[in-house]
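Peer 1: Each chain is listed here by its residues.
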Amino acid sequence: MDTDFRSRALTVIVGLLFLSAIYTIFFYAPTERVMGIVQKIFYVHLSMAFTAFLSFFIAFICGILYLVKKDIKWDVYGSSSVEIGVVFISLTLFSGVMWARPIWNTWWTWDPRLTTALILWFIYVSYLILRTSVDQEGKRAAYCAVLAIVGFVDVPIVFMSARIWRTIHPVVIRSDSIDIAPSMLLTLAITMAAFFSLWLLLFRLKTNVALTCKRIRFLENRMEGGD
Amino acid sequence: MRDTLLIIKKDLLTEFRKKESLVSMVFFGFLLLVILNIALGIGRELDGEVAAGILWVSIIFSAVLGLGRVFSQEKENRCIDGLLLSPVESEQIYTAKTAVNFIFMVIAEAVIIPIFFVFYGDRFARHLPMLIVVVLFVNLGFSTVGTLFSAITAGTRRNEVLLPLLLFPVITPLIALAVKVTGSVFEEIPYQEYSSWLYIIVAFGFIFSGVGYLLFEYIIKEG
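Protein chains in written order, with the working numbering: chain A, 1 to 227; chain B, 1001 to 1223.
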């Protein structure tokens, strides 16, 4: 019951954070001078992109931990993380396309960030396809761990190689400065917190379901064995 | 080292007896060159980068055919179990299989690239030494990742159908770079302008040699 309570508390926190994110985005943050109302998608877009990237990084770490420790829980964590990451990266691509049409006057351009996001989408969707193609648990876990590692190692190479094409994507966050107004920065911080907490909630629910499934299967097997 | 060479020798020997992979690789590459020519409109003068794109699509797609065979033929009659039982480290198996894939690619390319020159104009053949350098480094990147992934797909239900689905997303940057650099070579652009792209191709090859070498053990033991 303790975990149930914690999940509920987290749900409440996620709800509150999202309400404040929506409030700050639409009523607190100023409307951008050139882009107008369309710019507001940026807060959600960037937060989702970061959360997606975080998911793939966690899957990478879980992949290494699984191969080293051979504990199936790391496979559950890794695969849950990838599933959520795929949802977020899809939404990132989608919101980016929505924004690009009025601002760039084109749905898509082969910019390093866009290309990297798209190739990441391909890599991790192929990860999900691989999961459905292997039946044995241990084998599936090892294969997926390897793919999660290879996929993440590929990310910097994808980004570097995508510089072949010219860029028109705005660079808001540089290594030494952040190029937006303080009120916008606060809005971004709140939205980002909302998405991180949502990620945490989804991750908890997803891993709980997966671990419960495993527990049930284990008990079923034992009952059949006891007959 | 001796064991690695023995596995390479064994694989090359079976291939030269049956000629299954190489014939299908070359045939398919040839076919793709024709189909892509039709797709772009026959008799059109192509610029360097488009021609490079055609060449690489043909090479990569034909190479995937050979890649899938390397492990699936070991699965037949459970040869892979024998290989794992023998006193050979799994790293050596990986090195050998990567080398075999590399050699298959070189042989297929030795036929496909001349055919490409015949169809698309021998003006592209002027910088052949540089083209060979590019091709060899792309082969390195392709065969290191490809060998790792073909070991994965050989253990799945969907086997060779799955291989391109897993492999292509990861090697997309490699293909993009290969097209860029080869296009620059065809267009006779000075080396300094595309050398940094070539370095990324080289880096790709070496990074994934290391990654494959480290991870292969975990895959093959699950077989």
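No wet-lab data here; the hints were simulated from the structure. Be aware that a few hints might be false.
Unchecked claim - From the derived model, a few chain B residues whose C-beta atoms are all more than 10 Å from chain A:
hint, residue
1, D1047
2, V1057
3, Q1092
4, V1106
5, H1127
6, L1131
7, Y1218
8, K1221
9, E1222
To be verified - Heads up, simulated DSSO-like pairs for lysine-lysine below, C-alpha to C-alpha not over 27 Å straight-line:
hint, chain 1, residue 1, chain 2, residue 2
10, A, K69, A, K214
11, A, K214, A, K70
12, B, K1018, B, K1075
13, A, K206, A, K73
14, A, K73, A, K139
15, B, K1075, B, K1221
16, B, K1075, A, K70
17, A, K139, A, K69
18, A, K139, B, K1075
19, B, K1221, A, K70
20, A, K214, B, K1010
21, B, K1019, A, K139
22, A, K40, A, K139
23, B, K1221, A, K69
24, B, K1075, B, K1009
25, B, K1221, A, K73
26, B, K1019, B, K1075
27, B, K1019, B, K1009
28, A, K40, A, K214
29, B, K1010, B, K1075
30, A, K206, A, K139
Source: prediction; values computed, not measured. The beta carbon of each residue, even a glycine, is placed where N, CA and C say it ideally should be.
Peer 1: Decide, hint by hint, whether the structure agrees.
Peer 2: Now the hints, each set against the structure:
no.: 1; hint: D1047; result: holds, 16 Å
no.: 2; hint: V1057; result: holds, 17 Å
no.: 3; hint: Q1092; result: holds, 19 Å
no.: 4; hint: V1106; result: holds, 23 Å
no.: 5; hint: H1127; result: holds, 20 Å
no.: 6; hint: L1131; result: holds, 19 Å
no.: 7; hint: Y1218; result: violated, 5 Å
no.: 8; hint: K1221; result: violated, 8 Å
no.: 9; hint: E1222; result: violated, 4 Å
no.: 10; hint: A:K69 to A:K214; result: holds, 18 Å
no.: 11; hint: A:K214 to A:K70; result: holds, 16 Å
no.: 12; hint: B:K1018 to B:K1075; result: holds, 17 Å
no.: 13; hint: A:K206 to A:K73; result: holds, 12 Å
no.: 14; hint: A:K73 to A:K139; result: holds, 14 Å
no.: 15; hint: B:K1075 to B:K1221; result: holds, 13 Å
no.: 16; hint: B:K1075 to A:K70; result: holds, 25 Å
no.: 17; hint: A:K139 to A:K69; result: holds, 14 Å
no.: 18; hint: A:K139 to B:K1075; result: holds, 16 Å
no.: 19; hint: B:K1221 to A:K70; result: holds, 13 Å
no.: 20; hint: A:K214 to B:K1010; result: violated, 43 Å
no.: 21; hint: B:K1019 to A:K139; result: violated, 32 Å
no.: 22; hint: A:K40 to A:K139; result: violated, 45 Å
no.: 23; hint: B:K1221 to A:K69; result: holds, 15 Å
no.: 24; hint: B:K1075 to B:K1009; result: holds, 18 Å
no.: 25; hint: B:K1221 to A:K73; result: holds, 20 Å
no.: 26; hint: B:K1019 to B:K1075; result: holds, 18 Å
no.: 27; hint: B:K1019 to B:K1009; result: holds, 14 Å
no.: 28; hint: A:K40 to A:K214; result: violated, 42 Å
no.: 29; hint: B:K1010 to B:K1075; result: holds, 15 Å
no.: 30; hint: A:K206 to A:K139; result: holds, 21 Å
Hints 7, 8, 9, 20, 21, 22 and 28 from the earlier list are contradicted by this structure; the remaining hints agree with it.
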